[in-house]
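Let's have the full structure, built from the sequences with the hints guiding it.
As you go down the protein sequences, you meet chains A and B in turn.
Here the first sequence stands for residues 0 to 261, where the numbers follow numbering that gives the first Met the number 0.
Here the second sequence stands for residues 0 to 189, where the numbers follow numbering that gives the first Met the number 0.
No lab work stands behind these hints: they were computed from the structure.
Only a predicted model underlies this, so the values are computations on that prediction, with no experimental measurement involved.
From the three backbone atoms N, C-alpha and C, an ideal C-beta is built for every residue, glycine too.
One thing to keep in mind: the hints can contain errors.
List of simulated lysine-lysine pairs, DSSO-like, C-alpha gap at most 30 Å [what the hints assert, rightly or not]:
#1 A:172 / B:156
#2 B:132 / B:171
#3 A:166 / B:156
#4 B:156 / A:236
#5 B:171 / A:1
#6 B:171 / B:156
So these bits of chain B aren't anywhere near chain A, every CB distance computed over 12 Å [to be verified]:
#7 10
#8 11
#9 13
#10 72
#11 74
#12 75
#13 77
#14 80
#15 86
#16 135
#17 161
A few chain A residues that face chain B, going by a derived Cβ cut-off under 10 Å, partial list only [unchecked claim]:
#18 2
#19 48
#20 50
#21 54
#22 62
#23 127
#24 139
#25 254
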Amino acid sequence: MKCATMESRLFTAERPDRVDADVQRHLAECSACRATHERLVEIERAIPQLAVPPSTLRAAFVAQFIQHTPAELPAAETVPVVRLMRPTPSVKERGLRKLAFAFALAASLVGIAIGLWVLNPGKPVKVDHASVYRIHLASRQNSALTPRDRAETVLGVADEVRDEVRKLAQAAKDADGEKMAELAKYYRQLVGEELRQHVRDLPADANRKLVLSALEERLRQTESEFTLLAAPKRATKAAEPLQIIALAARESSAELHALATE
Amino acid sequence: MATSQPIDDVRTEEHALIRRAQQGDRAAFAGLVEQYWDRLYRWLYHLARNQHTAEDLTQETFLKAFANLTRFRAESNFAGWLFRIGHNNFANHYRGSRTREPLPDDLPSPHEGPVEEVLLRETQQGLADALVKLPADFRAALLLRVEEGLSFREIAKVLNLTEETARWRVFKARQKLLALLTPRREGDQS
Chain A
0 MKCATMESRL
10 FTAERPDRVD
20 ADVQRHLAEC
30 SACRATHERL
40 VEIERAIPQL
50 AVPPSTLRAA
60 FVAQFIQHTP
70 AELPAAETVP
80 VVRLMRPTPS
90 VKERGLRKLA
100 FAFALAASLV
110 GIAIGLWVLN
120 PGKPVKVDHA
130 SVYRIHLASR
140 QNSALTPRDR
150 AETVLGVADE
160 VRDEVRKLAQ
170 AAKDADGEKM
180 AELAKYYRQL
190 VGEELRQHVR
200 DLPADANRKL
210 VLSALEERLR
220 QTESEFTLLA
230 APKRATKAAE
240 PLQIIALAAR
250 ESSAELHALA
260 TE
Chain B
0 MATSQPIDDV
10 RTEEHALIRR
20 AQQGDRAAFA
30 GLVEQYWDRL
40 YRWLYHLARN
50 QHTAEDLTQE
60 TFLKAFANLT
70 RFRAESNFAG
80 WLFRIGHNNF
90 ANHYRGSRTR
100 EPLPDDLPSP
110 HEGPVEEVLL
120 RETQQGLADA
130 LVKLPADFRA
140 ALLLRVEEGL
150 SFREIAKVLN
160 LTEETARWRV
170 FKARQKLLAL
180 LTPRREGDQS
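As structure tokens, then:
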């Protein structure tokens, strides 16, 4: 066996520490390959020992999760909009605040839902599909310090919601109809009232028009793509959510266009 | 992945937790969180190289896993499924924010100690530095192999690749790591 062949077999082995007889014979005869083999095994044994900063959130997450798993959340419109303005905190402080804020938001949203669930104990737990994105948005908004950051964060989360709906629509499973509908409604809320609120706060400077135009362009692309996606799905459960997203993107882009040309 | 229990017992226990969690038992899902949090966080930390990002991604991964748990098939590999969600979150996070890889956190500072300990720490730091220099795709695949003990087929599922591409990424990661960590001898060409 040539050294190059040996190296290739060694590097593509699932377990370099358990090589087959051919490789072992070569290793017994070739000191350079033996050194490579020993070094690789040593490195792979050392990797799991590498230090990483300890995660401090597991216990808090578990405790909060058991008490406050997002279940049947109330209508999205009741989500309180909390905006925190503060000087830039330390990285650690920001992380802890984000967690606390996310859980506080989740807890406030599920209060009514848990009550409803308790009244219907036989009913299976229904997970709110948008809750992950709500928490995600709350978490990111907490570190977005300017109106532009906040507007871009909202649209960023909206794009993630949109992408999930696209993926579900392409998978074309009837069981996903309810999830798509729920996510599409949340998308409409994001690019509607949530985004509107932040773009109104944009300072009237030279960048305002550029920012508005960039956001408008992204929404126009979504509108155009989802209009096309919805057309062949007319007879399926995916049609309505796709149309909701296309329409919401169109209305929002028109609104941004009007603001940009004011 | 050292464990004192026989693997079959651990799997049976895990399947029982999954079945209960699929029926809405939050405590059972919390058991899965306890079991996988550190492993998932550690992998995401190596990818994101930032403690708070890794913690955010870990939380999100578990929330998404819970929301989609009814889709998990009992005969599948739960770790692989969970890490796949984690990888999608990681990819979305960096695609969404359009940022480059963040600067790494400072690791816990070394303490004074015997010479061997200092040498060990220096070796570990050298390895950590080399790992950081690998492209994230290679790093992700290698760590799933070395730390999680996943097969190439399982790595391919987590990272949404073909098995051959997963194998190739691990191959390249090993090759680069060795090149980075092997001291050049005098007379070697640069």
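Non-interface claim for residue 13 of chain B versus chain A (Cβ beyond 12 Å): Residue 13 of chain B is indeed farther than 12 Å from all Cβ atoms of chain A, at 17 Å.
Non-interface claim for residue 10 of chain B versus chain A (Cβ beyond 12 Å): Fine: 20 Å to the nearest Cβ keeps residue 10 of chain B off the interface.
Pair hint residue 172 of chain A and residue 156 of chain B, alpha-carbon separation not exceeding 30 Å: Between residue 172 of chain A and residue 156 of chain B the Cα gap is close to 21 Å, so the pair holds against 30 Å.
Given as non-interface: residue 86 of chain B, which should sit over 12 Å from chain A by C-beta: The assertion about residue 86 of chain B holds, with a minimum of 15 Å to chain A.
Pair hint outcome, residue 132 of chain B versus residue 171 of chain B [Cα-Cα no greater than 30 Å]: holds, 12 Å
Least C-beta distance between residue 11 of chain B and chain A, which was stated to exceed 12 Å: Consistent with the label, residue 11 of chain B stays out of reach of chain A, its closest Cβ about 22 Å off (over 12 Å).
Distal placement of residue 135 of chain B relative to chain A, Cβ over 12 Å: Given a closest Cβ separation of 16 Å, the condition holds.
Residue 50 of chain A as an interface hint toward chain B, with CB separation required under 10 Å: holds, 5 Å
Hint validity - residue 254 of chain A Cβ closer than 10 Å to any chain B Cβ: violated, 23 Å
Distance restraint between residue 166 of chain A and residue 156 of chain B, which requires alpha-carbon spacing of 30 Å or less: Holds: residue 166 of chain A and residue 156 of chain B sit about 17 Å apart, inside 30 Å.
Pair hint outcome, residue 171 of chain B versus residue 156 of chain B [Cα-Cα no greater than 30 Å]: holds, 19 Å
Given as non-interface: residue 74 of chain B, which should sit over 12 Å from chain A by C-beta: Label holds. Min Cβ-Cβ 20 Å, cutoff 12 Å.
Of the numbered hints given earlier, the model fails hints 18, 25; all others are met.
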